[in-house]
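K.L.:
Protein chains in written order, with full-length UniProt numbering: chain H, 1 to 291; chain A, 1 to 752.
No lab work stands behind these hints, which were simulated from the structure alone.
Remember, predicted model here, so these are calculated numbers, not experimental data.
Ideal Cβ placement from N, Cα and C applies to all residues, glycine included.
Below, computed lysine-lysine pairings styled on DSS-like, alpha-carbon distance capped at 30 angstroms: (1) 41(H) / 17(A); (2) 492(A) / 461(A); (3) 54(H) / 41(H); (4) 595(A) / 494(A); (5) 743(A) / 185(H); (6) 492(A) / 595(A); (7) 185(H) / 437(A); (8) 271(A) / 41(H); (9) 241(A) / 154(A); (10) 595(A) / 461(A); (11) 154(A) / 596(A); (12) 80(H) / 185(H); (13) 17(A) / 492(A); (14) 241(A) / 271(A); (15) 185(H) / 750(A).
Partial list, computed: chain A residues near chain H (C-beta under 8 angstroms): (16) 107; (17) 108; (18) 281; (19) 677; (20) 745.
Computed beta-carbon distance windows for the label pairs: (21) 595(A) / 41(H): 52 to 58 angstroms; (22) 668(A) / 24(H): 36 to 42 angstroms; (23) 41(H) / 387(A): 55 to 61 angstroms; (24) 403(A) / 259(H): 49 to 55 angstroms; (25) 155(H) / 2(A): 57 to 63 angstroms; (26) 115(A) / 241(H): 58 to 64 angstroms; (27) 257(H) / 213(A): 58 to 64 angstroms; (28) 143(H) / 59(A): 39 to 45 angstroms.
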Amino acid sequence: MLPSPFQFERPSTIADAVRAVGESGDGMFYAGGTELLLALKMRVIRADRLIDIKGIPGLDCIAVNGMNEIEIGARCTHRKISGDPVIREHVPALASLCAEVANIRVRNVGTIGGNLCFGEPHADPPTMLAALNARLVLVGSRGTREVHADDFIRSEMETVREPDELLRVIVFPRPAGPVTYRRFKHGERPSVNVAMTWSLNADGNTIRSARVRVGALGLRPQPLPVVEGALRNVAVAEARQAIETALPAALDQLEVNADRHGGADYKRHLAGVLLLRSADEAVTAGGSWLK
Amino acid sequence: MSVTDSMSAVRPDLIEKVTGRAEYVTDLVIPGMLHGFVVRSPATHARISSIDASVARSVPGVVDVLIGADVVSFGCWGVVLKDRPIMAIDRVRYVGEPVAVVIAETIEIAEVAAELVDIAYDELPHATTIREAMMADAPLIHEHHENLEDFYFKGGARPTPSSNIFHTYRNDVGDVDAAEAVAAYVHEDHFTFPAISHFAMEPHAVIADFQGDSLTVWAGAQTPTAVQKVLSRLFGLALAKVRVIVPFVGGGFGGKASVKIEPLVAAASWKVRRPVRVAQSMAESMLTCRRLGADITIRTAVDANGRILAKSARLLLDGGAYSDTGSAVATKSANRIMGPYVVPNMRLEACAVYTNTIPGAAFRSIGGPQAVWAKESHMDNVAAAIGMDPTEFRMLNLASRGERIRPDLRALDMDMSELIGRVTRSFAPDAQPSNRKAHGLALAATDPANTPISNAIVRLKIDGSILVSVSSIEVGQGAHATMAQIAAQTLKQKVSAVTVLRSDTAVAPYDWGTGASRSTVVVGLSVESAALDAADQILDMVAEVWELPRDGLSLVEGGVSTGPDVLTFHQIFHRSLGVDSGEVVGRGAITPRSKKGSLAESPLFWETSAALAEIVVDEETGEIRVPRYASAADVGRVINRVAAEGQDEGAAVMGLGHALHEALEFEDGQPVNATPIDYSIPRITDVPPSFDTILVENGDGPGPGGAKGMGEGAILPVAPAIANALFAAYGIRITDLPMTPEKVWRALQKRN
Ligand SMILES: Cc1cc2nc3c(=O)[nH]c(=O)nc-3n(C[C@H](O)[C@H](O)[C@H](O)COP(=O)(O)OP(=O)(O)OC[C@H]3O[C@@H](n4cnc5c(N)ncnc54)[C@H](O)[C@@H]3O)c2cc1C
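Construct all of the structure, not just a fragment, from the sequences and the given hints.
P.N.:
Here it is, written out as C-alpha cells:
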C-alpha cells in the first residue's frame with residue numbers, strides 16, 4: 001500500500017522547518033519515517049506536506065553540557081545512541097535499551113525524537129527518559145519551551161506538542177547512581193517495562209532518592225511513588241527488601257489496560273517481576289558506583 | 001572452488017537471489033501493463049446494497065473499475081466445491097473479500113481512486129467461529145454447493161445440505177464401543193488450534209494478459225496447472241490458450257497452492273483488454289488465505305497393560321468463507337490424528353465448516369499440525385493417567401515397519417523406534433532433565449497426498465548440455481536443483497551441464513503441482529525416466545550407426561563409451577544426422593500405473609518426524625525458551641543435503657511459531673492482527689541454539705535413489721513436544737495454541 005500524494009520539503013534550519021510545517025494544510029515533520037511512513041501507507045495518518053528534518057545540522061549531537069546534563073539531539077537514531085561513547089559511559093542502560101529497540105532496520109533510521117513524538121504507549125525510551133527526569137526542548141512558532149518527559153505524552157498517540165513544534169533536544173541530569181531498564185516483550189513491542197534511577201548519597205551506600213517509572217501499561221509511563229518513597233534514605237543493601245514490602249500497594253496504584261499484550265493482572269504482576277529484577281541489578285551496580 | 005561456484009553447485013539459484021537478479025512476479029514489466037488495486041470488504045457478512053464507482057472512474061489515469069456486476073456471467077469457481085465468485089457480487093462473506101478492482105496507469109493512481117469507490121453494505125447476521133457456524137439457527141454462509149468430483153484431488157466434498165458444514169469425512173475401523181466397554185481406562189481430551197497465517201515473504205502478485213481467446217498469467221503459483229484449468233473453465237478458453245508462467249516464488253507454504261487471486265486479476269485484464277498487475281501487500285495477503293483453525297476431541301481406550309484398544313477423534317475445522325481445499329484438509333486431519341500406533345478400533349470424523357472469516361487454505365502438511373498437536377499431547381495425558389512413562393507408552397504401542405495403521409492405507413515404510421532412538425541419543429550424554437530443564441517427545445507419521453501424476457522432458461544437446469522442463473516451481477525449497485541433480489546423475493553428466501527451465505505451462509508438460517512433499521519423488525521419477533529415455537535414444541543411435549552391440553555401450557561424461565573408445569555427443573550427432581547439430585528429447589511420465597502400479601496406493605510413502613524438545617520456563621513471566629531441539633525424519637535418501645536440512649529446520653522453526661507465537665485473531669470476524677507488525681513470528685534469536693537435524697537414509701523410498709519426500713514433517717511435533725515438556729516439568733497442560741507466556745503463567749498460577 002502507498003501513501004496518498006504529499007509534498008516534500010527539506011529545510012536546513014529549525015526556523016524554516018517550523019515555518020514550513022505551520023503553513024496551510026497538514027504538514028508534518030519527517031525524521032526516520034519508520035512510524036510516519038507506515039501510518040501514511042496504511043492511511044491512518046494523512047499529511048499534505050512532509051518536512052524532512054534530516055537536512056538541519058546539529059539535531060543529532062550528543063554531549064554533556066556545562067550544567068553536568070546530558071543532551072541528546074532529537075534526530076539521533078537508536079543506533080547512534082547505542083554506540084555513543086558519552087551515553088555508554090554515563091547511561092549504559094540507555095545505550096543497551098537503544099541497542100535492543102525494535103529491529104535493526106528501525107534502529108538504523110528511527111530516531112529517539114520520532115519515538116517520543118509518536119506517543120505510542122508500547123515504547124521503550126519514554127519510560128526510561130521519564131525515570132531519568134528528562135526535559136524535552138520544543139521549538140515552535142511561538143518560541144521555545146521545555147516539557148518534562150512525565151508530562152509530554154498525554155494519551156495514546158497524543159502528546160502535548162503543537163503540530164508546528166519541533167522537538168530539538170532531550171536533556172537530563174547526568175545520573176548520580178545506578179540506572180536500570182527492563183522490559184518484557186513477546187512480539188514486536190514491549191508489553192511492560194520498568195526504568196529505575198537511584199541517586200546515591202555521598203557515602204555511596206544509601207539511596208538519596210529514586211525514580212521509578214512503569215511503561216506500556218497505561219497511556220503513558222507511570223511513576224510508582226510508593227516505591228520511590230520506600231527507597232528514600234534506604235541502604236543499597238536493603239533496597240530489594242524495601243521494594244518487596246512496598247510492591248503490592250504500589251502495583252495496585254498502577255492504571256493497567258487489558259490489551260493484546262495481556263490481561264491487566266498479568267501485566268501488573270510482570271511489572272513487579274521486572275522491578276525486583278531491576279532492584280537486584282541496581283544493588284549490584286550500586287556497590288560499584290563510586291569505585 | 002570459489003564461494004560462488006560452491007554455492008552454485010548446491011543451488012544454482014542462490015547467487016541470483018543474493019545478488020538481487022532473481023526475478024519474481026513483482027519484478028516483471030509487461031508492455032502496456034496497468035495496475036490494479038483491490039477494494040476490500042470492511043464487513044464480516046453483508047449484502048452489497050450499492051456500488052458507485054463513477055467518481056473513481058473519472059480520476060485521470062484510471063482506466064476502469066471492475067465490480068461484481070461485470071463478472072456475474074462467469075459464474076463461480078472452486079477446486080473441490082464451486083462456491084466462489086471471481087469477486088463479491090451481491091454479498092460479502094468476510095472482511096477482506098475483494099469487492100472492486102481499480103485499474104489505472106499507475107499503482108499510486110489506482111490506490112488513491114480506490115478510496116473514491118462508494119460501496120454501501122447492509123449487515124447480515126454472521127457466524128465467525130466453528131461454534132457459531134454449527135448452531136441450529138446459524139446464518140447460512142452458502143446456500144448451494146456444487147461438487148466438483150475428482151477435479152483437483154481424487155474425490156470431492158460431502159457437504160451437509162442447509163448447514164455450514166461443507167465436508168464430512170468418516171472412517172471407522174472395528175468396534176470402538178465394544179473396545180471401550182472392556183477397556184481398563186478411557187481418557188478424553190479437548191484441544192483447539194488457531195488460524196495461522198502463511199506469512200510468505202513474497203505476498204501474492206499476479207499479472208494477467210487477456211488477448212482475444214488467449215490468456216497469459218504470471219503468478220507465484222504452486223500449482224500452475226490448476227490455475228490453468230480453473231481459468232480455462234471460468235473464461236471458456238482452451239487449456240492450450242491459457243499460459244501460466246511462474247518465475248521464482250518467495251515462499252508459498254500452501255498459501256499459493258490451488259488457485260488464489262489469479263481469476264480476479266484475469267477478470268481485470270479481460271475488462272480492460274490490457275495486461276493488469278495486482279501486487280498485494282503482505283497485509284492484503286494475510287487477508288487472502290490462512291491455515292484452518294480446529295476444535296478437536298480425542299479419546300483413547302487402553303487395556304490394563306497400557307495397550308491402546310481404541311481411539312476416536314472428532315475434528316471440526318474452520319474453513320473460512322470459501323471452501324478452497326478445506327475439505328481435503330479436514331480429511332487429512334482425520335488421517336493424521338492416528339499414527340504411528342497400532343489401534344485396532346477407530347472412529348474418525350472430521351468436518352470442515354464455513355465461517356465468515358478469511359478463507360482457509362492448504363498449509364504445510366494440511367490438517368497435520370492441528371491433528372498432531374491434539375494426538376501427541378493426548379498421548380502424554382493418557383500415559384500420565386495410567387502411570388506410564390510417555391516414551392514407554394509410545395514404544396509399547398508403536399506400529400512397526402510393514403504394519404498397516406489403517407487397512408486402507410499403505411503399510412508403514414519406516415521404523416519409528418529408530419527415529420525415537422536417534423533423537424534420544426542426540427540429547428545424551430549430558431542432557432538429563434533437571435529441575436530447570438524439561439524434555440518432551442512427540443511423533444508424527446502422515447500420509448502426503450502426493451498424487452502420482454507428472455511429466456518431464458529432458459533434452460540432451462549436441463554439446464552435452466541438458467535442458468529439463470518440469471512444472472515444479474522453485475519456491476526456495478531447491479526443487480530445480482534437485483531435478484538437475486537427478487537428470488545429471490541419470491545421464492552421468494556434470495550437474496553444471498543441466499539447466500532447469502523456469503516453470504511455464506507453455507513449455508513444461510503437465511504435472512499436478514508443487515506441494516504435499518511430492519516433487520522429489522513424483523516429479524523426480526518423471527525426470528529420471530525422461531533422462532533414461534534420452535539415454536536410450538542416444539545409445540540406440542550409437543548402436544545403429546556404429547553397428548555395435550547395445551549392451552556394450554554406456555554413458556560417460558561428455559559422451560558414450562563403447563568399451564575401448566569414448567564417442568563425444570558431437571561425434572554421435574554429427575555422424576548420425578549428417579550435420580553438426582541436433583538433440584534428443586527424452587520424455588518421462590509418471591501415472592498411477594507406473595512402476596507396476598506400485599505408486600497408486602496411498603500414501604506413496606509415510607512422511608515422518610520425531611522430535612525431542614528441551615525447554616526452560618521463566619516461572620515468573622511464563623516465557624518458554626527452547627535451548628535444545630532434535631528433529632529426525634526418515635527421508636529414504638538425501639539428494640541435496642543443504643536443501644534437505646534446510647527444509648527440515650525451516651519446517652521445525654515454522655512449527656515453533658505455531659507453538660509459541662502465532663494466531664490470526666478475529667473479533668466478530670474483524671481480523672485484529674492481520675498485519676506483519678501485529679502478527680508475530682519467531683525470529684532467529686528464538687531458534688534453539690542447539691538444533692540437531694537427523695535425516696535417516698535407508699534408501700527404501702519410492703523416489704530416485706530410494707528417496708522419499710520431505711519438508712512437511714518437521715513442523716508437526718514441535719508444539720506437542722514443547723507442551724509435553726511443560727507437562728512433564730510442571731504438570732500443566734496447555735490445550736490451545738500458541739503457548740504464550742501469559743497462558744503458561746496463568747496455568748502455573750492455577751496449579752499453585
Ligand atoms: C517494526 C517496528 C518495531 C518497533 N518496535 C519498537 C519497540 O520495541 N520499542 C519502541 O520503543 N519503539 C519501537 N518502534 C518505534 C520506533 O522506535 C520508532 O519507529 C522510531 O524511533 C521513530 O522514529 P522516526 O525518526 O522514524 O520517526 P518518524 O516516523 O519520522 O516520525 C514519527 C512521528 O514523530 C514526528 N516527529 C519526528 N521527529 C520529530 C521531531 N524532532 N519533532 C517533532 N516531531 C517529530 C513525526 O511527525 C511523526 O508524527 C518500532 C517501530 C517499528 C516500525
